Amino acid sequence: MDLKKYITITNDFPKKGISFKDLSPLLYDKDAFKYAVDLMADAIKEYRPDVIVGPEARGFLFGSAVAYALGIGFVMARKKGKLPGETVSVDYELEYGSDSLFIPSGLIKPGSRVCLVDDLLATGGTMYALAKLVRKIGAEPILLLTLMELTSVPRVEGFDELEFKSLLRYEN
Numbered sequence: 002m003d004l005k006k007y008i009t010i011t012n013d014f015p016k017k018g019i020s021f022k023d024l025s026p027l028l029y030d031k032d033a034f035k036y037a038v039d040l041m042a043d044a045i046k047e048y049r050p051d052v053i054v055g056p057e058a059r060g061f062l063f064g065s066a067v068a069y070a071l072g073i074g075f076v077m078a079r080k081k082g083k084l085p086g087e088t089v090s091v092d093y094e095l096e097y098g099s100d101s102l103f104i105p106s107g108l109i110k111p112g113s114r115v116c117l118v119d120d121l122l123a124t125g126g127t128m129y130a131l132a133k134l135v136r137k138i139g140a141e142p143i144l145l146l147t148l149m150e151l152t153s154v155p156r157v158e159g160f161d162e163l164e165f166k167s168l169l170r171y172e173n
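If you count the sequence shown from 1, position 143 lands on 144 in the working numbering, and the numbers rise without skipping.
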């Protein structure tokens with residue numbers, strides 16, 4: 002199945018020079034969505050993760066579905082102010098500012114093998130920060146997996162030290 006047929010591309014959205022990849026048609030089509038999740042789960046199996054972590058918000062869609070397919074747990078990495086109680090966080094820089102990611106303290110155990118899952122990788126800033134957060138709690142980020150990657154976008158410094166896979170590649 003050609004998953005790219007289920008991804009709508011809108012140029013110059015949300016601003017000039019951006020080529021927006023809309024996953025709505027893929028998520029809507031039960032066969033395409035199942036196929037994408039199954040491919041992602043197959044790409045992860047050999048790594049034998051204990052848990053999957055996905056960043057807000059579209060990482061929740063694919064990460065939780067892949068975790069379900071593998072029969073393992075899923076942890077949401079949330080934005081600031083979205084989680085009650087004690088949390089562990091990491092701050093990171095984006096091409097247009099800065100942000101933070103938070104997970105509940107004690108949810109991921111030190112020594113856990115963690116796979117990070119998201120929909121799209123551009124600079125890799127969010128996924129690199131998430132890998133730092135996983136390391137901060139003493140767990141091991143064993144794989145970063147995305148459905149899509151933008152191959153023409155330069156990666157953040159240090160990203161190449163991480164194991165990364167994607168199913169679909171777009172030049173821009």
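Check each hint, because a few of them may be wrong.
[Said to hold, decoys possible] BS3-like mimics (lysine-lysine), calculated; alpha carbons at most 25 Å apart, straight line:
#, residue 1, residue 2
1, Lys-6, Lys-83
2, Lys-31, Lys-83
3, Lys-137, Lys-166
4, Lys-83, Lys-110
5, Lys-6, Lys-16
I should point out that these hints are in silico values taken from the structure, not numbers from a laboratory.
Just so you know, these numbers come straight off a predicted model, no measurement behind them.
Going down the list of hints, with the structure as the test:
no., hint, in the structure
1, Lys-6 - Lys-83, "violated (34 Å)"
2, Lys-31 - Lys-83, "violated (30 Å)"
3, Lys-137 - Lys-166, "holds (23 Å)"
4, Lys-83 - Lys-110, "holds (21 Å)"
5, Lys-6 - Lys-16, "holds (23 Å)"
Violated hints, listed in ascending order, are 1, 2; each of the other numbered hints is respected by the structure.
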